[in-house]
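Asker: Residues in the sequence shown are numbered consecutively from 1, following UniProt numbering.
Derived CB-CB ranges, DEER-like:
(1) Ile40 / Gln7: 42 to 52 Å
(2) Thr21 / Val41: 19 to 29 Å
(3) Ile40 / Lys20: 22 to 32 Å
(4) Ser1 / Phe33: 52 to 62 Å
Hints are computed from structural coordinates only; laboratory data are not their basis. The C-beta atom is built at its ideal place from N, Cα and C for all residues, glycine as well.
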Amino acid sequence: SHTNHNQNRKAHRNGIKKPKTNKYPSMRGVCSFISACFGIVLISSVGGS
Numbered sequence: 001s002h003t004n005h006n007q008n009r010k011a012h013r014n015g016i017k018k019p020k021t022n023k024y025p026s027m028r029g030v031c032s033f034i035s036a037c038f039g040i041v042l043i044s045s046v047g048g049s
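Whole structure, please, built from the sequences with the hints as guidance.
Answerer: What follows is the structure, given as structure tokens:
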């Protein structure tokens with residue numbers, strides 16, 4: 001008989017953590033035009049005023 005017994009305790013021993021959030025989330029699946037503009041925005045914000 002396979003049950004959920006002790007699984008909650010085992011999980012909490014290591015702490016239930018939130019998934020790590022990336023500083024720069026992947027641009028996969030984003031329209032190439034938008035992603036190109038976003039890259040320009042990043043560069044200008046770092047280099048410019």
